[in-house]
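Here is how the chains run, residue by residue.
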Amino acid sequence: MSTHSDSLAEYRSKSVNNRMGLWLFIFSDSFVFAGLFIARFNLMPDARPELNQLLGLIVTAVLLASSVLMNRAEIAIGAGDQKSFLRNTLLTMVLGTIFLVGVVFVEWPLAAQHISPREGVAGSIFYTMTGFHAFHVLTGVIFLFIVWNNGRKGMYTTERHFAVEACAIYWHFVDVVWVFFYPALYLIGSNIIGG
Amino acid sequence: MEEKKIKPDYSVNQLVLIILAILTLGEYFLGVIATINIAGVMLLFGIAKAFFIVKDYMNIGRLFFGEENH
Numbered sequence: 001m002s003t004h005s006d007s008l009a010e011y012r013s014k015s016v017n018n019r020m021g022l023w024l025f026i027f028s029d030s031f032v033f034a035g036l037f038i039a040r041f042n043l044m045p046d047a048r049p050e051l052n053q054l055l056g057l058i059v060t061a062v063l064l065a066s067s068v069l070m071n072r073a074e075i076a077i078g079a080g081d082q083k084s085f086l087r088n089t090l091l092t093m094v095l096g097t098i099f100l101v102g103v104v105f106v107e108w109p110l111a112a113q114h115i116s117p118r119e120g121v122a123g124s125i126f127y128t129m130t131g132f133h134a135f136h137v138l139t140g141v142i143f144l145f146i147v148w149n150n151g152r153k154g155m156y157t158t159e160r161h162f163a164v165e166a167c168a169i170y171w172h173f174v175d176v177v178w179v180f181f182y183p184a185l186y187l188i189g190s191n192i193i194g195g
Numbered sequence: 001m002e003e004k005k006i007k008p009d010y011s012v013n014q015l016v017l018i019i020l021a022i023l024t025l026g027e028y029f030l031g032v033i034a035t036i037n038i039a040g041v042m043l044l045f046g047i048a049k050a051f052f053i054v055k056d057y058m059n060i061g062r063l064f065f066g067e068e069n070h
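Chains as they are written, first to last, in the numbering used here: chain A, 1 to 195; chain B, 1 to 70.
Calculated directly from the structure, the hints in this document are not laboratory data.
Incorrect hints may appear among the rest.
[Claimed, not checked] For each label pair, taking beta carbons as the anchor points, the in silico distance ranges come out as:
1) F29/B <-> G21/A: 36 to 42 Å
2) I36/B <-> G21/A: 42 to 48 Å
3) E10/A <-> I47/B: 21 to 27 Å
4) V101/A <-> F29/B: 38 to 44 Å
5) F51/B <-> W108/A: 41 to 47 Å
6) I36/B <-> L54/A: 20 to 26 Å
7) G131/A <-> Q14/B: 29 to 35 Å
8) L43/A <-> I47/B: 33 to 39 Å
9) K153/A <-> F29/B: 31 to 37 Å
10) V32/B <-> T139/A: 15 to 21 Å
11) L54/A <-> V12/B: 27 to 33 Å
12) Y10/B <-> E119/A: 46 to 52 Å
13) S190/A <-> D9/B: 27 to 33 Å
We put the beta carbon where it would ideally sit given N, CA and C, even for glycine.
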């Protein structure tokens with residue numbers, strides 16, 4: 001019994017350090033996104049690319065909903081509800097994939113009718129911002145799959161589930177980035193480029 | 001060893017969901033109808049949404065206060 005509690009104390013101590021490392025990574029990664037965000041307003045102060053605003057709202061709603069479900073998954077594993085944890089993680093993964101498909105396979109071809117990554121500022125900004133963000137979403141979906149698969153094998157418990165917490169923090173970070181990218185690309189700017 | 005199961009509390013999760021939905025819809029309609037530059041207002045919407053996600057979903061408090069904030 002004492003061995004179990006000792007190792008649990010050790011696990012918690014390691015989790016404190018791991019959490020610090022994760023947040024440092026998130027903090028440093030956010031500078032890259034901040035750079036892209038600032039570049040967008042520096043290069044197009046009062047303009048935005050011609051994009052489908054409704055589609056932008058739909059993909060944003062999908063990503064926000066995935067964040068809500070990921071939080072539910074984390075709460076569920078903390079309460080020992082494995083079934084709910086697995087279901088919510090799987091749904092998060094599905095919504096993340098829908099977001100990726102919406103941006104890369106629907107929005108990109110639609111935007112290509114008006115702007116191009118090879119010509120002009122609007123295209124360069126739009127494809128760089130959404131492309132860099134999409135790579136993070138893809139990484140998050142892969143991370144989610146690993147956590148879901150490990151969860152199926154019963155690797156996480158109420159007291160030992162730092163991997164789930166790390167995956168959730170990363171996923172919410174990707175969501176926070178989109179919270180700023182969405183209005184910057186779809187809503188702000190009265191002059192429409194490519195329209 | 002059978003793991004004990006407690007009832008998950010989703011109250012904060014649901015409250016943040018409602019706040020995010022209201023802010024996102026407000027932001028969308030403002031962006032669609034605006035004819036002037038509203039970058040500052042949009043930034044405030046973004047900061048408000050990010051605040052709730054970072055505080056309640058990412059649980060940044062755990063970084064400073066550990067598991068008690070769980």
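Hints and how they fare:
The beta-carbon spacing between F29/B and G21/A, approximately 41 Å, falls within the hinted interval of 36 to 42 Å. Between I36/B and G21/A the Cβ separation comes to about 44 Å, which falls inside the hinted range of 42 to 48 Å. For the pair E10/A and I47/B, the beta carbons lie near 38 Å from each other, so the given range of 21 to 27 Å is not met. At about 26 Å, the CB distance of V101/A to F29/B disagrees with the hint of 38 to 44 Å.
Between F51/B and W108/A the Cβ separation comes to about 31 Å, which falls outside the hinted range of 41 to 47 Å. Judged by the Cβ atoms, the range 20 to 26 Å given for I36/B and L54/A holds: they are separated by roughly 22 Å. The hinted window of 29 to 35 Å between G131/A and Q14/B holds, with their beta carbons roughly 33 Å apart. For the pair L43/A and I47/B, the beta carbons lie near 22 Å from each other, so the given range of 33 to 39 Å is not met.
Here the CB-CB span from K153/A to F29/B is close to 46 Å, at odds with the stated 31 to 37 Å. A hinted range of 15 to 21 Å for the beta carbons of V32/B and T139/A is inconsistent with their spacing of about 32 Å. Checked against the hint of 27 to 33 Å, the pair L54/A and V12/B passes, with Cβ atoms roughly 30 Å apart. Our hint of 46 to 52 Å for Y10/B and E119/A holds, since their Cβ atoms are close to 48 Å apart.
Between S190/A and D9/B the Cβ separation comes to about 45 Å, which falls outside the hinted range of 27 to 33 Å.
Checked against the numbered hints above, the structure violates hints 3, 4, 5, 8, 9, 10 and 13; every other hint is satisfied.
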